[in-house]
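J.: Order-wise, the sequence lines are chains A and B.
Heads up: the first sequence begins at 1 in the UniProt record's numbering, then just goes up one per residue.
Heads up: the second sequence begins at 1 in the UniProt record's numbering, then just goes up one per residue.
Source of the hints: derived by calculation from the structure; they are not laboratory data.
Here the structure is a predicted model, which means the values were calculated and not measured.
Worth double-checking, as some hints may not be accurate.
Copies of the same chain look alike in the list, so a pair counts if it fits in one copy or across any two.
[To be verified] Listed next, the in silico DSSO-like pairs over lysine-lysine satisfying Cα-Cα at most 30 Å (straight line):
no., residue 1, residue 2
1, Lys-108, Lys-73
2, Lys-108, Lys-162
3, Lys-162, Lys-25
4, Lys-176, Lys-82
5, Lys-25, Lys-108
6, Lys-25, Lys-73
7, Lys-108, Lys-201
8, Lys-201, Lys-51
9, Lys-201, Lys-83
10, Lys-51, Lys-25
11, Lys-15, Lys-25
12, Lys-176, Lys-83
13, Lys-162, Lys-51
14, Lys-25, Lys-82
15, Lys-73, Lys-15
16, Lys-83, Lys-25
17, Lys-162, Lys-83
18, Lys-51, Lys-176
19, Lys-176, Lys-25
20, Lys-25, Lys-201
21, Lys-82, Lys-201
Protein chains: 2
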Amino acid sequence: MTDAQHCLDLLREIKDVSFATVDEKGLPQIRIIDVMLVDEGSLYFCTSRGKDFHAQLLRNPHVAIVGMTRDWKMVRLAGVAKKIEDDPHGWIDRIFDENPSMNDVYPKDSRYVLDPFRIDSGCAELFDLGVSPIFRQTFSLGGAPAHVQGFTITESCISCGKCARNCPQQCIVPSKPFEIQQEHCLHCGLCYENCPVSAIKRRS
Amino acid sequence: MTDAQHCLDLLREIKDVSFATVDEKGLPQIRIIDVMLVDEGSLYFCTSRGKDFHAQLLRNPHVAIVGMTRDWKMVRLAGVAKKIEDDPHGWIDRIFDENPSMNDVYPKDSRYVLDPFRIDSGCAELFDLGVSPIFRQTFSLGGAPAHVQGFTITESCISCGKCARNCPQQCIVPSKPFEIQQEHCLHCGLCYENCPVSAIKRRS
Numbered sequence: 001m002t003d004a005q006h007c008l009d010l011l012r013e014i015k016d017v018s019f020a021t022v023d024e025k026g027l028p029q030i031r032i033i034d035v036m037l038v039d040e041g042s043l044y045f046c047t048s049r050g051k052d053f054h055a056q057l058l059r060n061p062h063v064a065i066v067g068m069t070r071d072w073k074m075v076r077l078a079g080v081a082k083k084i085e086d087d088p089h090g091w092i093d094r095i096f097d098e099n100p101s102m103n104d105v106y107p108k109d110s111r112y113v114l115d116p117f118r119i120d121s122g123c124a125e126l127f128d129l130g131v132s133p134i135f136r137q138t139f140s141l142g143g144a145p146a147h148v149q150g151f152t153i154t155e156s157c158i159s160c161g162k163c164a165r166n167c168p169q170q171c172i173v174p175s176k177p178f179e180i181q182q183e184h185c186l187h188c189g190l191c192y193e194n195c196p197v198s199a200i201k202r203r204s
Numbered sequence: 001m002t003d004a005q006h007c008l009d010l011l012r013e014i015k016d017v018s019f020a021t022v023d024e025k026g027l028p029q030i031r032i033i034d035v036m037l038v039d040e041g042s043l044y045f046c047t048s049r050g051k052d053f054h055a056q057l058l059r060n061p062h063v064a065i066v067g068m069t070r071d072w073k074m075v076r077l078a079g080v081a082k083k084i085e086d087d088p089h090g091w092i093d094r095i096f097d098e099n100p101s102m103n104d105v106y107p108k109d110s111r112y113v114l115d116p117f118r119i120d121s122g123c124a125e126l127f128d129l130g131v132s133p134i135f136r137q138t139f140s141l142g143g144a145p146a147h148v149q150g151f152t153i154t155e156s157c158i159s160c161g162k163c164a165r166n167c168p169q170q171c172i173v174p175s176k177p178f179e180i181q182q183e184h185c186l187h188c189g190l191c192y193e194n195c196p197v198s199a200i201k202r203r204s
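Bound conformation, chain A alone (with noise of 0.2 Å):
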């Protein structure tokens, strides 16, 4: 079954992720982090508090998370990380037995300059370019709302097929209105742009 627990083991397996922030300028700022940890709807990484990640997370808790499987998997994760800071050197501990290479990098007691995060609330999507058609879902984290993109069809629709025809990953049905498939949808605009009576609509 795919839910947001899935992604987050997805994500776990992928291990290298990048993760996004916004800086103190407003502007994104990105770097590949491990993701040392899942459990039943968390997600936990660390980082050293000298690197500006951690100065970022701290004035903006906000991260956009990306990593892709070998077979063509997008995962996507944006949520709010938070430090943990109820027993912060135990989850250290945890994450170093669990990802023994990080005693490489910091060795002995040097692990302590690292704080754990947690992610437990957001919005995860799975966009799967290894099938064709496309295949893509978005599923919520800790209650938090789903991410609505890409556009819909509306009751002005005149069945005159020009969407369909157009559509790069055939994925537009026949009927009273066109329907776009979801779930293989590219979010690429050339229904929306190709409609001859402006039926169909951004759906966010």
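With chain A fixed as given, assemble chain B onto it according to the hints.
T.: Same frame as chain A, but now just chain B:
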């Protein structure tokens, strides 16, 4: 030789890299995008006009990119993405010529729902985690200022050696004042936290 161009070439080699942007709410957004072309001093990608990513780029063109080679070199580029206004169809054709698998996703003329973008100025960083001690270097692309991070030891240093003993990468050299080998520094901040006379300052 390692320079900004080498970073661009590595990003093209990795190809599937992560792009971070800031959305209209000031939140970080992220996705995996193909590096389509790399020329002398420029990196090219494309995205379709229907995507949130496209709208974000037009509102706020600042992007941060990261990818990792198979041998653990993390490559970053932060810069400004400019939509190419001069002969966009010609650029899309060149992109599809050099990346023929794009035809599977956007067959025939559907390719022209994609707009081409160029990045020709910014700050690049190479961070090699596959060597010990780690190795990092930043470079300017197109004359943009290189981003400075990490720490420096000031003249207040009393040469007690506590920073060097605590450094997880053993990259602090005894001297008056002691000196951090910036190219081997993790930016973890353990020296900064342990200096008994607060002689260590952030560089940024």
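J.: If you check each hint against the structure, which ones fail?
T.: 3, 4, 5, 12 and 19
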